[in-house]
Amino acid sequence: MVHGRHMLNGAFIIELVKRDFTERFAGSILGSAWAVIFPIVNLAIYIVVFGKIMGSRLEGQSYLYAYSVYLTVGLLPWTAFANTLSRSTSVFIDTKHLISKMQISLPSLLVYIALSETITFVVTLVFFLLFLLLTEFQFSLKLLLLPVIFYLQQVFAFGLGLFAATMTVFIKDFKQAVSVLLQVWFWLTPIVYLKEILPDFFKKLLFYNPMYVIIDTYQTVFIPQHEINYFALAVMAVLFHGSIIAAYVFFRALEKDVRDFL
Amino acid sequence: MIDVAHISKAFRLYHSPADRLREILYRRKFHRVHDALKDVSFSVRSGETLGIIGQNGAGKSTLLKLMMGILLPDAGHVTLSGRITGLLELSTGFNQEYTGLQNIYLNGILRGMTQAELDAKRDAIIAFSELGDFIDDPLKTYSTGMAMRLAFSIAIHADPRAFVVDEALSVGDAYFQQKCTDRIKSFRNTGGSIVLVSHDMNTVKVLCDRVILLEQGEIREEGEPEAVINSYNYLLARKTAGREIIQKPVLEKGSSYGNFAVEIVSVALFNEQNIDSGTVISGKKCSIQIALKAHEEVGALTVGILIRDKFGQDIFGTNTHHCKKPFAIGANMSKVIRFEFDEFNIGSGAYTLTAAAHTGDVHLHSCYHWVDMIRAFEVLGNPEFYCIGLARLKPSVVELLQD
Numbered sequence: 069m070v071h072g073r074h075m076l077n078g079a080f081i082i083e084l085v086k087r088d089f090t091e092r093f094a095g096s097i098l099g100s101a102w103a104v105i106f107p108i109v110n111l112a113i114y115i116v117v118f119g120k121i122m123g124s125r126l127e128g129q130s131y132l133y134a135y136s137v138y139l140t141v142g143l144l145p146w147t148a149f150a151n152t153l154s155r156s157t158s159v160f161i162d163t164k165h166l167i168s169k170m171q172i173s174l175p176s177l178l179v180y181i182a183l184s185e186t187i188t189f190v191v192t193l194v195f196f197l198l199f200l201l202l203t204e205f206q207f208s209l210k211l212l213l214l215p216v217i218f219y220l221q222q223v224f225a226f227g228l229g230l231f232a233a234t235m236t237v238f239i240k241d242f243k244q245a246v247s248v249l250l251q252v253w254f255w256l257t258p259i260v261y262l263k264e265i266l267p268d269f270f271k272k273l274l275f276y277n278p279m280y281v282i283i284d285t286y287q288t289v290f291i292p293q294h295e296i297n298y299f300a301l302a303v304m305a306v307l308f309h310g311s312i313i314a315a316y317v318f319f320r321a322l323e324k325d326v327r328d329f330l
Numbered sequence: 314m315i316d317v318a319h320i321s322k323a324f325r326l327y328h329s330p331a332d333r334l335r336e337i338l339y340r341r342k343f344h345r346v347h348d349a350l351k352d353v354s355f356s357v358r359s360g361e362t363l364g365i366i367g368q369n370g371a372g373k374s375t376l377l378k379l380m381m382g383i384l385l386p387d388a389g390h391v392t393l394s395g396r397i398t399g400l401l402e403l404s405t406g407f408n409q410e411y412t413g414l415q416n417i418y419l420n421g422i423l424r425g426m427t428q429a430e431l432d433a434k435r436d437a438i439i440a441f442s443e444l445g446d447f448i449d450d451p452l453k454t455y456s457t458g459m460a461m462r463l464a465f466s467i468a469i470h471a472d473p474r475a476f477v478v479d480e481a482l483s484v485g486d487a488y489f490q491q492k493c494t495d496r497i498k499s500f501r502n503t504g505g506s507i508v509l510v511s512h513d514m515n516t517v518k519v520l521c522d523r524v525i526l527l528e529q530g531e532i533r534e535e536g537e538p539e540a541v542i543n544s545y546n547y548l549l550a551r552k553t554a555g556r557e558i559i560q561k562p563v564l565e566k567g568s569s570y571g572n573f574a575v576e577i578v579s580v581a582l583f584n585e586q587n588i589d590s591g592t593v594i595s596g597k598k599c600s601i602q603i604a605l606k607a608h609e610e611v612g613a614l615t616v617g618i619l620i621r622d623k624f625g626q627d628i629f630g631t632n633t634h635h636c637k638k639p640f641a642i643g644a645n646m647s648k649v650i651r652f653e654f655d656e657f658n659i660g661s662g663a664y665t666l667t668a669a670a671h672t673g674d675v676h677l678h679s680c681y682h683w684v685d686m687i688r689a690f691e692v693l694g695n696p697e698f699y700c701i702g703l704a705r706l707k708p709s710v711v712e713l714l715q716d
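Residue numbers (the working numbering), protein chains in the order written: chain R, 69 to 330; chain W, 314 to 716.
Check each hint, because a few of them may be wrong.
Facing chain R, a subset of chain W residues (Cβ under 10 Å, in silico) [what the hints assert, rightly or not]:
1) Ser329
2) Ile337
3) Tyr339
4) Arg340
5) Arg341
6) Gly382
7) Ile397
8) Gly406
9) Arg424
10) Thr427
11) Asp472
12) Tyr570
13) Asn572
14) Phe573
Computed list of lysine-lysine pairs in DSS-like fashion (alpha-carbon distance at most 27 Å, straight line) [claimed, not checked]:
15) Lys164/R - Lys243/R
16) Lys86/R - Lys434/W
17) Lys86/R - Lys453/W
18) Lys342/W - Lys240/R
Simulated from the structure, these hints should not be mistaken for lab results.
For clarity, every value in this text was computed on a predicted model and none was experimentally measured.
In this text, a Cβ means the ideal position worked out from N, Cα and C, and glycines have one as well.
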C-alpha cells in the first residue's frame, strides 16, 4: 500500500499552515501583517485598559502591570487552546471540498490547525515578552517551562479536537455545543478573576478542571505566588496524551463513515 | 500497475448522520444498505488504458474514489505501485486570490508533490500551460480555459504512475486538447496506466485497451472494447425494450404529422451483427428498417429516411423514389422496407433518424406520415481507419516524385 492517507504528510501540513496565514488576507494590501496586528491590538487592550486605565492591582504586588500580566498570561494560552479546539471541531466539514476529491490524511488537518494557532501564540508571546523587558519586569527561570506547558495544552486541544471533529460529521450541533462549552469553561477557569475570590468548595473542584492546572502554571511562571504543582502537571501529561490515543481510536473506528458522509 | 482485489463497498443510508451514532448506542439498525460494489477485482498493467463503463449508479465513481483512497472499502484492498492522481476535479484546491504560480505550489502539494519537486518542475509546468506572463496574475483574472490548462499541466507533471480520468477531457480549445491527448499518449507509452470512466462510447473505443462493464456493483463483462461495448448497448436495449430502442412503435403522433393514409409503425437500425443496439460502427455494414401499415390503398408510395447530427443539421437523406424502387401498398396491408448500407460512411458521433411516407420525390406532394427524430443512435469510431468529422471519406495516399 502506497496510499498516503494514514500518514501525516509534512509538506502538506506546512503548505496548509502557510495558506492559513496568506489565504485569509490574500488580496489585501497589508496581507499577512494582519495576522500579527490582531493579537497585538488585543495585547495592548489587556495591558493598557486593565493596567493603566482601570488601575487593577494585585494585592502584595508593587509592579504596576501585575494584573495585566496575570490576565495576559492566562488569556493568551486560553485563546490558543479555544481557537484550536473550535476550529478543529468544524475542520472536516469546512474542508469537505478537498476531502471528497483528493487523497488527504484527515488527522493532518488537525495538526495543521494546532500548528497554525501555535504560530499566532508565539508571535503574540514574543511581543508580550518584549513589553515586559521594556517595563523592567523580573523574569524567573521558570520561564523555561513555557514550551512544555504549551505543548501539553495543544496536545489536549488536538485530542479533544479530533474527537469533536469526528462527532461534528454526524451531529452538526456539536460545533455550537463546543463553542458554548468553551464559553462556560472559560469562566469556570480563573483567568480574568483570581481564584481567591471563589468559595471554598469551588476551589476544591478546580483540580478537576485540566485547564485550571495549565493556566495556573502559566500564571505561576510569571507571578510566583505559590509553588508549581509538578505532580498535577504530570497527571495532566498522562491524561492529555491519553485523550489523543482515545480520540484516535474513536476516529479510526468511524473514519470510513466519516468519509462516506462527507 | 494497479491491483484491485475483491473490493466491496456498501453505503449505509441513514435519515441523518446522527443515526450512525444512535446505532452504536442502541445497538440497533437505523439504516438501509446500498451495495455499491460487490467483490470487484481487476488489475491495470503498466502502459495500459482501462475503460470502465456502465449505467448511472453502477458504481463507477465509487470505484474511482476507492482507487484514489478518498473512500475506504468494506473489504478487499487496492495496491498501487507509485503515485495515483486524478483528473476528476482539475481545479480542486485552487485559490482564486493567489497568482498562477502560487497555485502551482498549492495544487501540486495537494497532489502529493514536494516543495523541491515543484521548484524543479515549475518552469516546465508554466511552459506546458502556455500561460506566459499571466502566471503572475491572480487566478480570478483567468478564463475558465486558462485555469483548466494550468490544472492539467500540474496534474501531468505530478508524474503519477496512474491517472484516473472521469469523463472525457475537455480542457481548453481544440489545440490544447490535442496537446493533452498527445501528452496522455506519451504518458501511456512510457508505462503509465490510465483508468477512464466515460459515457462516451466513442472515446472508450478509441482510447482503451480493455474495458470493464459494471452493472449494479458487479463486473458483468471484461475484455476487448468492441465486445464489451456491444454487450453494454445490448443491456441498455433490453432495459428499454419495446419502449424506445427495439422496433420503436410510433405512439406520440404529436411529434409526427400527415394524413395517416399510410402509417410508419416502427423503425429499426441494425448493425453488422444484425442487432438493433442503438450503435453502429463507422464504415461497417448497417441497415435501416421501416415498418409500414396502410389504411388506404396507395399506388405510388415513397418511403424516405433522413439522418441529422446532434445540432439538427441534415447529414444524409434519401428515399425509395430516388433509389428507383417504387412500390405500392394495398389497404390494411403491412410492409417492411429496408435500406441497406454496405459501408455506413458517417463519422463518429450522435445522430437521429427521421422517417417519412409520401408520394413522389418529396414529401410536399402528399404526405402520409412524417416522424421527426423517431430514434437516436450513435456511430462509433472505427479503429481500422481513424478520421474525424461527419463524413468518412477514404483517400488513397500517393507519393509523387519530383526532381
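Checked hints:
1. Given hint, serine 329/W at the interface with chain R, holds; its Cβ is 8 Å from that chain's nearest Cβ, closer than 10 Å.
2. The beta carbon of isoleucine 337/W is positioned within 10 Å of a beta carbon in chain R (closest approach about 9 Å), and the interface hint is therefore held.
3. Contact between tyrosine 339/W and chain R, as hinted, is not supported at the beta carbon level, the nearest pair being about 14 Å apart and thus beyond 10 Å.
4. Violation of the interface hint for arginine 340/W is found here, the shortest Cβ-Cβ separation to chain R being roughly 15 Å, above the 10 Å cut-off.
5. Hint status for arginine 341/W relative to chain R: violated, with the closest Cβ pair at about 16 Å, above 10 Å.
6. A hinted interface residue such as glycine 382/W counts as satisfied when its beta carbon comes closer than 10 Å to some beta carbon of chain R; here the least separation is about 4 Å, so the hint holds.
7. The beta carbon of isoleucine 397/W is positioned within 10 Å of a beta carbon in chain R (closest approach about 8 Å), and the interface hint is therefore held.
8. Checking glycine 406/W against chain R: minimum C-beta separation of about 6 Å stays under 10 Å; hint holds.
9. Using the Cβ-Cβ criterion of 10 Å, the hint placing arginine 424/W at the interface with chain R is satisfied: the shortest such distance is roughly 7 Å.
10. Hint status for threonine 427/W: holds, given a least beta-carbon distance of 5 Å to chain R, under 10 Å.
11. A hinted interface residue such as aspartate 472/W counts as satisfied when its beta carbon comes closer than 10 Å to some beta carbon of chain R; here the least separation is about 14 Å, so the hint is violated.
12. Hint on tyrosine 570/W is violated. Least Cβ distance to chain R is approximately 50 Å, over the 10 Å limit.
13. With 10 Å as the threshold, the beta carbon of asparagine 572/W stays out of range of chain R, its nearest partner Cβ sitting at about 58 Å, so the hint is violated.
14. Look at phenylalanine 573/W: its Cβ only gets to about 55 Å from chain R, farther than 10 Å, so that hint breaks.
15. A threshold of 27 Å between alpha carbons decides the hint, and for lysine 164/R with lysine 243/R the separation of about 15 Å falls inside it, so the pair holds.
16. Between the alpha carbons of lysine 86/R and lysine 434/W the distance comes to roughly 21 Å, so the proposed pair stays at or under 27 Å and holds.
17. A C-alpha spacing of about 20 Å is found between lysine 86/R and lysine 453/W, which places the hinted pair at or below 27 Å, so the restraint holds.
18. With a C-alpha separation of about 21 Å, the suggested pair lysine 342/W and lysine 240/R falls inside the 27 Å cut-off, and the hint holds.
The structure does not agree with the numbered hints 3, 4, 5, 11, 12, 13 and 14 stated previously, though it agrees with the rest.
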